[in-house]
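Visitor: If you want the building blocks of each chain, they are given just below.
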Amino acid sequence: MTDELLGILQTISAEIVPQADTLRSLDAKIGDGDLGVTVTRGMAAVLAGLKEIEGTPVSNQLARSGMAFNRAAASTFGALFATAMMRGGAVVKDREDVGAGDVAAIGRAALQGLMDRGKAKLGDKTLLDALAPAIDAFDEAHTSGKSLREATDAAVAACEAGTTATIEMQSRVSRASWLGERSIGVQDPGATAVLFMLQGAQNWVNANS
Amino acid sequence: MAMRKIINDPELVEDQTVAGILAAFPDYLKRVEGSTRALIRADAPIAGKVGIATGGGSGHLPLFLGYVGQGLATGVCVGNVFSSPSSEDMLDVTKAVDGGAGVLYLYGNYSGDTMNFDMASEMAEIEGIAVKTTLGRDDVTSAPNAEMQRRRGVAGIVFGFKIAGAAAEEGRDLDGVHAAAENAVFNTRSMGVALSGTTIPAVGEPGFEVAEGQMELGMGIHGEPGVELGPLLTADEIAGQMLDRILPDLPFSSGDTAAVLVNGLGATAPEELYILYNKAAQILGDRGIKIHRAFIGEYATSMEMSGASISLCKLDDDMTKLLDAPAYSPLLLQQLGR
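Here the protein sequences come in this chain order: A and B.
If you read the first sequence in the working numbering, its first letter stands for residue 134, the second for the next number, and so on.
If you read the second sequence in the working numbering, its first letter stands for residue -5, the second for the next number, and so on.
Be aware that one or more of the hints could be misleading.
[What the hints assert, rightly or not] The calculated DSBU-like cross-link candidates involving lysine-lysine, where the alpha carbons are at most 30 Å apart (straight line), are:
1) B:284 <-> B:273
2) A:162 <-> B:24
3) A:254 <-> A:226
4) A:226 <-> A:279
5) B:284 <-> B:315
6) A:252 <-> B:126
7) A:226 <-> A:252
8) B:315 <-> B:273
9) A:252 <-> B:273
10) B:284 <-> A:254
11) A:184 <-> A:226
12) B:24 <-> B:126
13) B:-1 <-> B:89
14) B:89 <-> A:226
15) A:162 <-> A:252
Bear in mind the hints are in silico, worked out from the structure with no lab data behind them.
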């Protein structure tokens, strides 16, 4: 895998940017309403930077894309996205042979980075609740010999279930926690953004396998 | 409904605001080279003195840009409307304001800001710059007193800029400036009321609304939920309800001396702020709390939001001296220095 990540980032952008208004309206209910703008500006910056990182190691592509996103659309989501991409990239630092077998390890390092940066844990009604089950599902499917496509489908299905589960959760961290019980009943916008991103990655896998 | 905003392009609101301020006050502010959103005092870095870096989302002028000036903060990083600045821009500001004595980060307690500033401070430390952080968290309605660490910062951070800025100007070291900032933050309490919502230009429709004839007590400056949505009360009733929550929270007691800030959120007339202050001053007098100074006007806004907040800062002798020290920023109408 050299420039395959660039294709994945393009399908992610194609999936999430048209959903900006969905994210904005969820975020307006329990956050500050800027998530739609954040993903639109952030992904535009990621796409604008792809040319520059062509042919470089995946670790560099991940880190540079994360930083480009946060520089253009700094925010809670931007900082978390940048942290996840940098920490995930560090696992495969400078390696040229990154492949499907590395996805779970990259995901787990990214997840740990998100926990460190956001000081949240599972069940707090955050994007962790969407991402953690997706990584577990991918890892399990891949380890048991399933194809990339099957593992990705399993990850997206788990991510979807995890995202839906945030509806009934009460927020325990940051801005949404100021709502207390009023945060119950709304699907977490960050988790929803992660779901759109994984669905975007799934589109790439479906088109290329 | 179309936005009633005098702008060119919603995507360029932040950059064109910064450009206008730089064009207006070239003697006071300059860009950090190579950055569009990192601004510092024209005379920064100031050798041997602690730099104070702040920042936050756009949409709150004169916060945060307006608190860069002599006797105030040294540099600022400007985010998109209601969004944090980036860690990279913050690192640029940090390096540009470091005069060799370290840098204090002073900003409001919002997750996007804390995450980005924490990333910046980690990077600054790698580059050998000592950084300490103080978070504004004066809004009494955002979390119970026992959970101070979750409270958000609103207009009361102005006292932090003034008091920490004077301590830095005086030549105190990083620990001393940090202590002054913490002292200011921990002795400040605020509460707001919103009568209308506000529209992020790039979104184009209100992120939240307050129905006509209603008010939300305790609403945050980005529309965060308050404690009570109800019919619009009189100024005297609003002042009373706010002080009923502010005074016991610290607490402020008879014999204390305090500075008072009555802040307009953007679309509330100055007249209304003085009507609020009139009642607040009377209540404080009745409770035996001495008002050292009053600040009335727009100090931390939320674009076209209509509403106001009251902030109280309990002063000791050192804080009083620092509050009264000279300070200047071209963005502030009523100067903070004396």
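Visitor: Against this structure, judge whether each hint is valid.
Guide: Okay, the hints, checked on the actual structure:
1. B:284 <-> B:273: holds, 14 Å
2. A:162 <-> B:24: violated, 38 Å
3. A:254 <-> A:226: holds, 26 Å
4. A:226 <-> A:279: Given that 30 Å is the threshold and the Cα spacing comes to 26 Å, the pair holds.
5. B:284 <-> B:315: Within the cut-off at roughly 16 Å; holds.
6. A:252 <-> B:126: Holds. Residue 252 (chain A) to residue 126 (chain B) sits at ~19 Å (cutoff 30 Å).
7. A:226 <-> A:252: With a Cα-Cα distance of about 25 Å, the restraint between residue 226 (chain A) and residue 252 (chain A) holds, given a limit of 30 Å.
8. B:315 <-> B:273: Holds, at roughly 27 Å.
9. A:252 <-> B:273: violated, 42 Å
10. B:284 <-> A:254: violated, 45 Å
11. A:184 <-> A:226: holds, 20 Å
12. B:24 <-> B:126: holds, 24 Å
13. B:-1 <-> B:89: Given pair residue -1 (chain B), residue 89 (chain B) is violated - Cα atoms ~35 Å apart, limit 30 Å.
14. B:89 <-> A:226: Since the Cα atoms of residue 89 (chain B) and residue 226 (chain A) sit roughly 28 Å apart, the hinted pair holds (cutoff 30 Å).
15. A:162 <-> A:252: Holds - the C-alpha atoms of residue 252 (chain A) and residue 162 (chain A) are around 22 Å apart, at most 30 Å.
In the structure shown, a violation is registered for the earlier hints numbered 2, 9, 10, 13, in ascending order.
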